[in-house]
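Here's the letter readout for the chains.
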Amino acid sequence: MVKVGYESRAVDCHRYIDSVEPRFFSYMTNPESDMPEPSRRRSSIEAKRYIPPWTTPYIIGVGGTSGSGKTSVASKIVSSMNVPWTVLVSMDNFYKPLNKEQRAQAFNNSYDFDEPAAIDMDLAYECILNLKEGKKTNIPVYSFVHHNRTPGKSTTIYGASVVVLEGIYALHDKRLLDLMDLKIYVDADLDVCLARRLTRDIVSRGRDLPGCIDQWERFVKPNAVKYVKPTMQNADAIIPSMGDNGVAVQLLINHIESKLELKSEEHIKELIKLGFEQNYESMKKNKMVHELESTNQVKSIMTMLLDKRLNRDDFVFYFDRLAMILLSKTIDNLASPNKKNIVTASGYSMERLTVCDFNEVTAVNIIRSGDCFMSSLRKTIPNISIGKLLIQSDSQTGEPQLHAEFLPDNVNEYKKVLLMEGQLISGAAMIMAIQVLLDHDVRIENISVVMYLATETGLKRVMNAFNNRVNIYVASIVTREELKNRKSNWALTRFVDAKYFGCE
Amino acid sequence: MSTEPFRNVCLLPQTNQLLGLYTIIRDRSTARPDFIFYSDRIIRLLVEEGLNHLPVMDRPVETHTNETFKGVGFKGKICGVSIVRAGESMEQGLRDCCRSVRIGKILIQRDEETALPKLFYEKLPEDIADRYVFLLDPMLATGGSAIMATDVLIKRGVKPERIFFLNLICSKEGIDNYHKAFPDVKIVTGAIDRGLNEDKYLVPGLGDFGDRYYCI
Numbered sequence: 001m002v003k004v005g006y007e008s009r010a011v012d013c014h015r016y017i018d019s020v021e022p023r024f025f026s027y028m029t030n031p032e033s034d035m036p037e038p039s040r041r042r043s044s045i046e047a048k049r050y051i052p053p054w055t056t057p058y059i060i061g062v063g064g065t066s067g068s069g070k071t072s073v074a075s076k077i078v079s080s081m082n083v084p085w086t087v088l089v090s091m092d093n094f095y096k097p098l099n100k101e102q103r104a105q106a107f108n109n110s111y112d113f114d115e116p117a118a119i120d121m122d123l124a125y126e127c128i129l130n131l132k133e134g135k136k137t138n139i140p141v142y143s144f145v146h147h148n149r150t151p152g153k154s155t156t157i158y159g160a161s162v163v164v165l166e167g168i169y170a171l172h173d174k175r176l177l178d179l180m181d182l183k184i185y186v187d188a189d190l191d192v193c194l195a196r197r198l199t200r201d202i203v204s205r206g207r208d209l210p211g212c213i214d215q216w217e218r219f220v221k222p223n224a225v226k227y228v229k230p231t232m233q234n235a236d237a238i239i240p241s242m243g244d245n246g247v248a249v250q251l252l253i254n255h256i257e258s259k260l261e262l263k264s265e266e267h268i269k270e271l272i273k274l275g276f277e278q279n280y281e282s283m284k285k286n287k288m289v290h291e292l293e294s295t296n297q298v299k300s301i302m303t304m305l306l307d308k309r310l311n312r313d314d315f316v317f318y319f320d321r322l323a324m325i326l327l328s329k330t331i332d333n334l335a336s337p338n339k340k341n342i343v344t345a346s347g348y349s350m351e352r353l354t355v356c357d358f359n360e361v362t363a364v365n366i367i368r369s370g371d372c373f374m375s376s377l378r379k380t381i382p383n384i385s386i387g388k389l390l391i392q393s394d395s396q397t398g399e400p401q402l403h404a405e406f407l408p409d410n411v412n413e414y415k416k417v418l419l420m421e422g423q424l425i426s427g428a429a430m431i432m433a434i435q436v437l438l439d440h441d442v443r444i445e446n447i448s449v450v451m452y453l454a455t456e457t458g459l460k461r462v463m464n465a466f467n468n469r470v471n472i473y474v475a476s477i478v479t480r481e482e483l484k485n486r487k488s489n490w491a492l493t494r495f496v497d498a499k500y501f502g503c504e
Numbered sequence: 001m002s003t004e005p006f007r008n009v010c011l012l013p014q015t016n017q018l019l020g021l022y023t024i025i026r027d028r029s030t031a032r033p034d035f036i037f038y039s040d041r042i043i044r045l046l047v048e049e050g051l052n053h054l055p056v057m058d059r060p061v062e063t064h065t066n067e068t069f070k071g072v073g074f075k076g077k078i079c080g081v082s083i084v085r086a087g088e089s090m091e092q093g094l095r096d097c098c099r100s101v102r103i104g105k106i107l108i109q110r111d112e113e114t115a116l117p118k119l120f121y122e123k124l125p126e127d128i129a130d131r132y133v134f135l136l137d138p139m140l141a142t143g144g145s146a147i148m149a150t151d152v153l154i155k156r157g158v159k160p161e162r163i164f165f166l167n168l169i170c171s172k173e174g175i176d177n178y179h180k181a182f183p184d185v186k187i188v189t190g191a192i193d194r195g196l197n198e199d200k201y202l203v204p205g206l207g208d209f210g211d212r213y214y215c216i
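Protein chains in written order, with this note's numbering: chain P, 1 to 504; chain D, 1 to 216.
The set of hints was computed from the structure by calculation and includes no laboratory data. If you're wondering where the values come from, they're calculated on a predicted model, not measured in any experiment. Among the clues, some could well be false.
Mimicking PhoX-like on lysine-lysine, the simulated pairs with C-alpha atoms at most 25 Å apart in a straight line are [to be verified]:
(1) D:K70 / P:K284
(2) P:K284 / P:K136
(3) P:K416 / P:K287
(4) D:K186 / P:K308
(5) P:K284 / P:K388
(6) P:K487 / D:K70
(7) P:K299 / D:K70
(8) P:K299 / D:K75
(9) P:K284 / P:K499
(10) D:K77 / P:K299
(11) P:K299 / D:K186
(12) P:K308 / D:K75
(13) P:K308 / D:K77
(14) P:K273 / P:K499
(15) P:K484 / D:K70
(16) P:K415 / P:K136
(17) D:K70 / P:K499
Go ahead and model the full structure; you've got the sequences and the hints to work with.
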């Protein structure tokens with residue numbers, strides 16, 4: 001487990017790394033970004049019918065008095081969750097910045113950090129709501145050295161399936177409580193809390209005994225009695241924190257897991273359902289799906305690529321050729337609203353010529369098969385920036401999971417975002433990838449999905465999930481009819497990237 | 001007066017992208033690296049289009065799932081013939097699509113005494129009569145050298161309907177001159193310019209393609 005400056009109460013947001021299987025995670029401190037994103041645009045939400053697992057992540061609040069052991073309970077929950085992204089957010093991040101006078105008090109140990117008013121509940125609510133809506137969220141970083149938010153620094157969280165919010169006032173604000181799926185209060189006798197605090201403050205933080213006792217008497221205890229203890233009644237479960245509470249915590253973990261399983265099942269069911277609405281003909285008529293014209297070139301290259309005897313050398317060569325034809329088609333309509341007057345090298349003036357700004361195009365490859373387009377992308381637009389997404393299906397449930405996202409900076413400012421994928425089979429990963437772009441404020445009409453092969457069912461799911469508003473460019477579509485005749489099962493196996501990269 | 005609409009002229013679809021590419025290469029302020037890159041992009045589109053006109057036959061193949069895919073394959077062999085020097089700039093585009101394609105060369109220059117084009121050199125595949133031929137020359141202005149080169153090909157036994165003349169820009173006058181001599185040769189091009197000036201340069205054109213590409 002990664003704990004960054006936890007004991008100094010500085011940065012308390014971390015992700016759980018599965019101990020068995022290394023997972024990537026999108027967790028970064030972005031020095032450029034300001035405090036929590038002001039944008040609360042819901043433009044993407046009205047258009048979509050697909051609910052990704054990180055929209056409505058499972059939110060758990062863990063409250064309790066200082067020294068009650070809530071941090072250790074929260075950590076146990078986080079480390080036992082077997083979902084890709086579990087995030088632990090500490091309420092400490094939301095301390096209000098202090099003014100000069102308050103800061104002097106703080107350094108003097110006479111500022112009351114333990115009353116609810118010390119915490120910016122509005123900001124906390126805004127951040128958790130953002131997470132609940134599946135948006136990319138910046139959590140501020142509070143510095144206890146300066147008693148201020150660290151300027152220009154924040155922790156970016158995106159794609160969490162489970163969020164654990166921990167802090168003495170985690171169960172205090174009504175708005176936060178409404179966002180939570182499970183509310184846990186960790187209860188310990190105040191004497192025990194004092195003993196724990198003293199040990200921690202004196203041994204780990206080098207504070208002196210009289211100072212600690214004074215703080216306890218003046219702030220911690222009165223606030224605990226007045227404000228913290230009453231939040232117990234908001235809890236769904238109260239965990240004792242005397243000695244070993246392993247059994248109680250395990251019970252909670254079991255409960256959370258069963259809830260997550262249910263969610264995952266619903267996610268898969270929803271995905272399957274998306275494939276059956278709307279018929280193929282009407283989908284082709286809506287002009288959002290562009291299949292490459294089946295010219296002699298395209299047909300003969302397809303034939304070669306499907307020939308199992310074609311060696312890898314030729315496979316790569318012909319795939320790249322087809323990819324360039326496809327990419328060129330994808331950017332055929334690219335035009336800047338500006339026109340240009342030029343003088344030709346023979347000295348003749350030409351006015352109001354069409355201009356293409358290839359710098360307005362960026363690409364995002366879905367690992368691994370989207371990377372088959374890398375070489376053709378570079379040959380079409382040499383300096384194109386290329387982002388990556390890793391989405392994999394859970395080996396047991398088949399549910400797609402987002403494991404990593406590296407997107408071009410300001411991806412929402414490009415006129416065209418090409419989402420590259422070798423083969424579309426179930427469509428689940430593609431739907432998730434599109435959702436990731438929407439969550440980064442990319443406009444849906446700026447997205448062009450570029451694929452070599454697609455099944456009719458997969459295409460329908462993608463189109464249905466986003467109300468037919470995504471542009472799709474595909475070299476070849478395999479219809480349900482063709483699959484039914486059991487002559488096209490090759491379209492259901494991921495052979496493209498396996499052969500292109502030479503690793504099964 | 002030209003004979004529009006032209007027969008046997010295949011003009012690439014005038015998409016925004018293609019128009020944008022032409023804006024770049026026509027502009028005299030475009031530096032050589034960009035001129036080369038964007039010309040190559042257009043050449044690639046011309047070659048792909050040219051290849052599309054080749055006939056195919058049924059070719060079933062077995063897929064990795066041991067199913068039969070009813071595909072097609074090209075029948076017949078191809079070769080390229082470039083008119084030296086500017087035509088050589090299009091060879092790479094052809095190679096990018098057909099890796100080991102044979103490429104013949106024809107050198108035609110203006111005879112200083114008669115001011116007419118004169119054939120200086122030719123080197124062609126021996127079995128060229130059996131092949132589909134992609135004749136490469138980026139600009140079709142008057143058509144003088146292209147007509148002479150095509151004449152060489154036909155004398156070697158190539159059938160006119162098996163010749164595809166690929167160029168980036170042609171003049172209407174050039175198309176008419178060329179097709180008067182060889183009505184059955186298909187011209188594949190990306191732009192048709194309005195005419196020629198007194199020096200027989202394309203208007204508005206893009207300057208001397210060979211100079212801008214090679215700068216010798």
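Each hint tested on the structure:
1. D:K70 / P:K284: 23 Å, holds
2. P:K284 / P:K136: 34 Å, violated
3. P:K416 / P:K287: The given pair, whose Cα atoms are some 18 Å apart, holds under the 25 Å limit.
4. D:K186 / P:K308: 35 Å, violated
5. P:K284 / P:K388: Violated. K284 (chain P) to K388 (chain P) sits at ~29 Å, over the 25 Å cutoff.
6. P:K487 / D:K70: Status holds; Cα separation ~10 Å.
7. P:K299 / D:K70: 10 Å, holds
8. P:K299 / D:K75: 13 Å, holds
9. P:K284 / P:K499: 30 Å, violated
10. D:K77 / P:K299: Roughly 18 Å separates the two Cα atoms, so the pair holds.
11. P:K299 / D:K186: 22 Å, holds
12. P:K308 / D:K75: 20 Å, holds
13. P:K308 / D:K77: Distance ~23 Å between K308 (chain P) and K77 (chain D) Cα, so the pair holds.
14. P:K273 / P:K499: Roughly 31 Å separates the two Cα atoms, so the pair is violated.
15. P:K484 / D:K70: Holds. K484 (chain P) to K70 (chain D) sits at ~16 Å (cutoff 25 Å).
16. P:K415 / P:K136: Holds. K415 (chain P) to K136 (chain P) sits at ~21 Å (cutoff 25 Å).
17. D:K70 / P:K499: Status holds; Cα separation ~21 Å.
The structure shown violates the earlier hints numbered 2, 4, 5, 9 and 14.
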